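Asker: Sequence:
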Amino acid sequence: MRVLFAIIIFVLLGTCTLFAQDNELQLAMQYNANGETQKALEIYQKLYKQNNETYYSYYVNTLLNLKKFDEAESITKKLQRKHPNVSQYQIMLGTIYTQQGKLDKANNIYDDLLKNLPADQMEIASLANQFYQNANIDYAIKIFIQGRKLLKNDEAFTYELINLYRFKRDKISLTDEYLNFLPANPSFITQAESNFAIVFEGAADYDLLKAALLRRIQKDPQQTIYIELLTWQYMQQKEYDLALNQALALSRRQNDDGNNIYELCRTLTSSEAYDAAIRGYEYIIAKGANNPLYIPAKIELINTKNLKVTTGKYTPADLLGLEQDYIALLAEFGRNNNTVFAMQKLANLQAFKLHKLNDAQKLLESAITIPNIRAELLAGCKLDLGDVYMLNNLPWEATLTYSQVEKSFENTNVGQDAKFRNAKMAYYTGDFTWAKGQLDVLKAATSQLIANDALNLLLLINDNTAADSSGGALKIYARADLRIFAEQPEKALMTLDSIDKKFPGNSLNDDILMAKSRIFIQQKNYNDAVPLLKKIFDDHPTELWADDAVFMLGDIYENHLDDKINAKAWYQKIITDYPGSLWINEARKRFRLLRGDKTDS
Numbered sequence: 001m002r003v004l005f006a007i008i009i010f011v012l013l014g015t016c017t018l019f020a021q022d023n024e025l026q027l028a029m030q031y032n033a034n035g036e037t038q039k040a041l042e043i044y045q046k047l048y049k050q051n052n053e054t055y056y057s058y059y060v061n062t063l064l065n066l067k068k069f070d071e072a073e074s075i076t077k078k079l080q081r082k083h084p085n086v087s088q089y090q091i092m093l094g095t096i097y098t099q100q101g102k103l104d105k106a107n108n109i110y111d112d113l114l115k116n117l118p119a120d121q122m123e124i125a126s127l128a129n130q131f132y133q134n135a136n137i138d139y140a141i142k143i144f145i146q147g148r149k150l151l152k153n154d155e156a157f158t159y160e161l162i163n164l165y166r167f168k169r170d171k172i173s174l175t176d177e178y179l180n181f182l183p184a185n186p187s188f189i190t191q192a193e194s195n196f197a198i199v200f201e202g203a204a205d206y207d208l209l210k211a212a213l214l215r216r217i218q219k220d221p222q223q224t225i226y227i228e229l230l231t232w233q234y235m236q237q238k239e240y241d242l243a244l245n246q247a248l249a250l251s252r253r254q255n256d257d258g259n260n261i262y263e264l265c266r267t268l269t270s271s272e273a274y275d276a277a278i279r280g281y282e283y284i285i286a287k288g289a290n291n292p293l294y295i296p297a298k299i300e301l302i303n304t305k306n307l308k309v310t311t312g313k314y315t316p317a318d319l320l321g322l323e324q325d326y327i328a329l330l331a332e333f334g335r336n337n338n339t340v341f342a343m344q345k346l347a348n349l350q351a352f353k354l355h356k357l358n359d360a361q362k363l364l365e366s367a368i369t370i371p372n373i374r375a376e377l378l379a380g381c382k383l384d385l386g387d388v389y390m391l392n393n394l395p396w397e398a399t400l401t402y403s404q405v406e407k408s409f410e411n412t413n414v415g416q417d418a419k420f421r422n423a424k425m426a427y428y429t430g431d432f433t434w435a436k437g438q439l440d441v442l443k444a445a446t447s448q449l450i451a452n453d454a455l456n457l458l459l460l461i462n463d464n465t466a467a468d469s470s471g472g473a474l475k476i477y478a479r480a481d482l483r484i485f486a487e488q489p490e491k492a493l494m495t496l497d498s499i500d501k502k503f504p505g506n507s508l509n510d511d512i513l514m515a516k517s518r519i520f521i522q523q524k525n526y527n528d529a530v531p532l533l534k535k536i537f538d539d540h541p542t543e544l545w546a547d548d549a550v551f552m553l554g555d556i557y558e559n560h561l562d563d564k565i566n567a568k569a570w571y572q573k574i575i576t577d578y579p580g581s582l583w584i585n586e587a588r589k590r591f592r593l594l595r596g597d598k599t600d601s
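To convert, note that position 335 of the sequence shown is 335 in UniProt numbering; the numbers rise steadily by one, no gaps.
Hints in this document: simulated from the structure, not taken from any laboratory.
Don't take each hint at face value.
Using 25 Å as the maximum straight-line C-alpha spacing, the simulated DSS-like pairs for lysine-lysine come out as follows [unchecked claim]:
#1 313 to 491
#2 115 to 142
#3 345 to 382
#4 152 to 142
#5 564 to 524
#6 313 to 353
#7 345 to 313
#8 313 to 67
#9 68 to 102
#10 77 to 67
#11 407 to 382
#12 82 to 68
#13 524 to 534
#14 535 to 491
#15 115 to 105
#16 524 to 356
#17 564 to 589
#18 353 to 524
#19 443 to 382
#20 382 to 362
#21 168 to 210
#22 39 to 82
Simulated restraints, written as ranges between beta carbons of each label pair [what the hints assert, rightly or not]:
#23 61 to 272: 49 to 57 Å
#24 501 to 358: 32 to 40 Å
#25 241 to 459: 42 to 50 Å
#26 559 to 223: 21 to 29 Å
#27 327 to 534: 54 to 62 Å
#28 376 to 539: 36 to 44 Å
#29 186 to 27: 47 to 55 Å
#30 534 to 256: 49 to 57 Å
As the structure is a prediction and not an experimental result, all values here were calculated from the model.
Every residue, glycine too, gets a C-beta built ideally from N, C-alpha and C.
Working from the sequences, and respecting the hints, build out all of it.
Answerer: What follows is the structure, encoded as structure tokens:
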């Protein structure tokens, strides 16, 4: 019984000791966190004397922080003599010498570990990890490379080396490691691309990858993974035609259905490389109607041509060619609920680019009679038809069509869009009183964009009918606005220039500047738009269009003039000068990205 009692007392005392040590350890860590390193050292020293091996790392690292190298070296050598086969103490001794600047002594220790490395995969990995934990990346890499030789396995430790090369930003070694690894592990190509994108810093790094890939392709032309990676490399360098050429060569060699080409073309389109994407889709279509990608490629081909047109990167011949493509598509697949989208896009092309209003009107009138159209698509066609009626000087038909959509989609964004178009038509035709009534309701719309547009138009009307109830100058401005909408820039500019002549001293100065800016932007003439937008900010900083002008300047500099410094400055003006602007959140996000923030927090 006495023996049992003694054992219980012993266990309880041991438990109490461990509990006390744990509390002291937490206190020491808190001292360290607070910058009170000397207080932490005193506790670690006490704990080390009680149980030296358990608290060694805490104690020695704190000694190093306080640059007490002699004491750190002394305790480390004692443990090294006690455990001559434990590499932890040898590596720490090397770290102590390194921090003292005694690099030769440190390297001698490390080289000795490298020389006596056992041919054991677990031991090799453990030793390399210890070097990594001591922030010695170079020797961690040397251990793994020597380990490969000892194990006679060139594929050993690939993942570990890739991570170390990435951490070290050793681009040459990272490239070689991946190029050795990928042929047998092609599913890792996405990871390789991601890591290259993180580590590579410019054209020189991508040229390094390209040169390495071309050497590999020349040596092993049957290895398709290198061609895939070369295609990606060209995409990063925005050498889109070369990227497509590589992908086409691979597709022809494999005689596949062109699925990789199809996916590449989608990326090319999103990168605005429209001509290259068009060439890729045409390659797929040329494979014939039996190819599973024939119809999707045809649709995407036309969509890409449409994007090329709507983004302004087209010639007059492109417009007519695109029109014929739509007509051919409808002839091949018929006019039905599966091709209404093409009818809608063709009508928009005819109305706004080719100015064939009658053709566009007939096409949309036909489209809305087709049965089983999705409700949202039908609404879109009707809204577009209302626009065409308005441009074709058929205001009654336009308002009737808009009203149908508004009634069918009451209290939705689509319905509010229809109501806004109705109000704009009244504004275009000079019926300001009716327009104001509609806009007054829409300024509380659930769609923030429609609410903001409605409020801007309402303020425009109110400001310019206060002194002149007939709104003579505003009526001319509204006609110019309609011509901007109809994509008739020359007529719009002439109309805007006539306002000051007929109504000198009018209050539309900043509105005219904004309208002209919109025309130049529509024409992709950004250099002429910039001074007009700056003039709005300089001369009318508190007027209706000031914050819009500032945000538009940021967008133009960022996305069209490739001037990130000026873009950032204009976005910052939104944040500092117009905190209540609709653009505040977007400006803040773009500013942070341009500043290099990792997240938008």
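Asker: Does each hint hold? Answer for all of them.
Answerer: Hints and how they fare:
1. Proposed proximity of residue 313 and residue 491 is supported: the alpha carbons are some 22 Å apart, at most 25 Å.
2. As the CA atoms of residue 115 and residue 142 are separated by approximately 11 Å, the hinted pair is consistent with the 25 Å bound.
3. Of the supplied pair hints, the one linking residue 345 and residue 382 holds, its CA atoms being roughly 13 Å apart against a limit of 25 Å.
4. A hinted pair counts as satisfied when its Cα atoms are at most 25 Å apart, and residue 152 with residue 142 qualifies at roughly 15 Å.
5. Using a Cα cut-off of 25 Å, the hinted pair residue 564 and residue 524 holds, with the two alpha carbons roughly 19 Å apart.
6. For the given pair, residue 313 sits about 13 Å from residue 353 by alpha-carbon distance, which is consistent with the 25 Å threshold.
7. Using a Cα cut-off of 25 Å, the hinted pair residue 345 and residue 313 holds, with the two alpha carbons roughly 17 Å apart.
8. Only pairs whose Cα atoms come within 25 Å are accepted, and residue 313 paired with residue 67 is rejected, the gap being roughly 65 Å.
9. This hinted pair checks out: residue 68 and residue 102 have alpha carbons roughly 15 Å apart, not beyond 25 Å.
10. Of the supplied pair hints, the one linking residue 77 and residue 67 holds, its CA atoms being roughly 17 Å apart against a limit of 25 Å.
11. At roughly 12 Å between alpha-carbon atoms, residue 407 and residue 382 fall within 25 Å of each other, so this suggested pair holds.
12. Of the pairs offered as hints, the one joining residue 82 and residue 68 holds, with about 22 Å between alpha carbons and a cut-off of 25 Å not exceeded.
13. Our distance criterion of 25 Å between C-alpha atoms is met by residue 524 and residue 534, whose separation comes to about 17 Å.
14. For a cut-off of 25 Å, the pair hint linking residue 535 to residue 491 stands: about 23 Å separates their Cα positions.
15. The hinted pair formed by residue 115 and residue 105 meets the criterion: a straight-line CA distance of about 15 Å does not exceed 25 Å.
16. For the hint linking residue 524 to residue 356, the alpha-carbon distance of about 23 Å falls within 25 Å, and the restraint holds.
17. Restraint check: the Cα-Cα separation between residue 564 and residue 589 comes to about 14 Å, which is no more than 25 Å; the hinted pair holds.
18. For the proposed pair residue 353 and residue 524, the alpha carbon gap of about 15 Å is at most 25 Å, so the pair holds.
19. For the proposed pair residue 443 and residue 382, the alpha carbon gap of about 23 Å is at most 25 Å, so the pair holds.
20. Straight-line distance between C-alpha atoms of residue 382 and residue 362 comes to about 12 Å, which keeps the hinted pair within the 25 Å bound.
21. With a C-alpha separation of about 21 Å, the suggested pairing of residue 168 with residue 210 holds against the 25 Å cut-off.
22. At most 25 Å may separate the alpha-carbon atoms for a hinted pair to count; residue 39 and residue 82 exceed this at roughly 29 Å.
23. For residue 61 and residue 272, the hinted distance range of 49 to 57 Å is satisfied, since their beta carbons lie about 53 Å from each other.
24. Separated by about 34 Å at the C-beta atoms, residue 501 and residue 358 satisfy the suggested range of 32 to 40 Å.
25. For residue 241 and residue 459, the Cβ-Cβ distance of about 48 Å falls inside the hinted range of 42 to 50 Å, so the restraint holds.
26. Look at residue 559 against residue 223: about 39 Å separates their beta carbons, and that is not inside 21 to 29 Å.
27. Distance hint check: the CB atoms of residue 327 and residue 534 are about 44 Å apart, inconsistent with the given range 54 to 62 Å.
28. About 43 Å separates the C-beta atoms of residue 376 and residue 539, a value consistent with the hinted range of 36 to 44 Å.
29. Between residue 186 and residue 27 the CB atoms are about 54 Å apart, so this pair conforms to the stated range of 47 to 55 Å.
30. Under the hint 49 to 57 Å, the C-beta atoms of residue 534 and residue 256, about 53 Å apart, fit the expected range.
Checked against the numbered hints listed earlier, the structure breaks hints 8, 22, 26 and 27; every other hint is satisfied.
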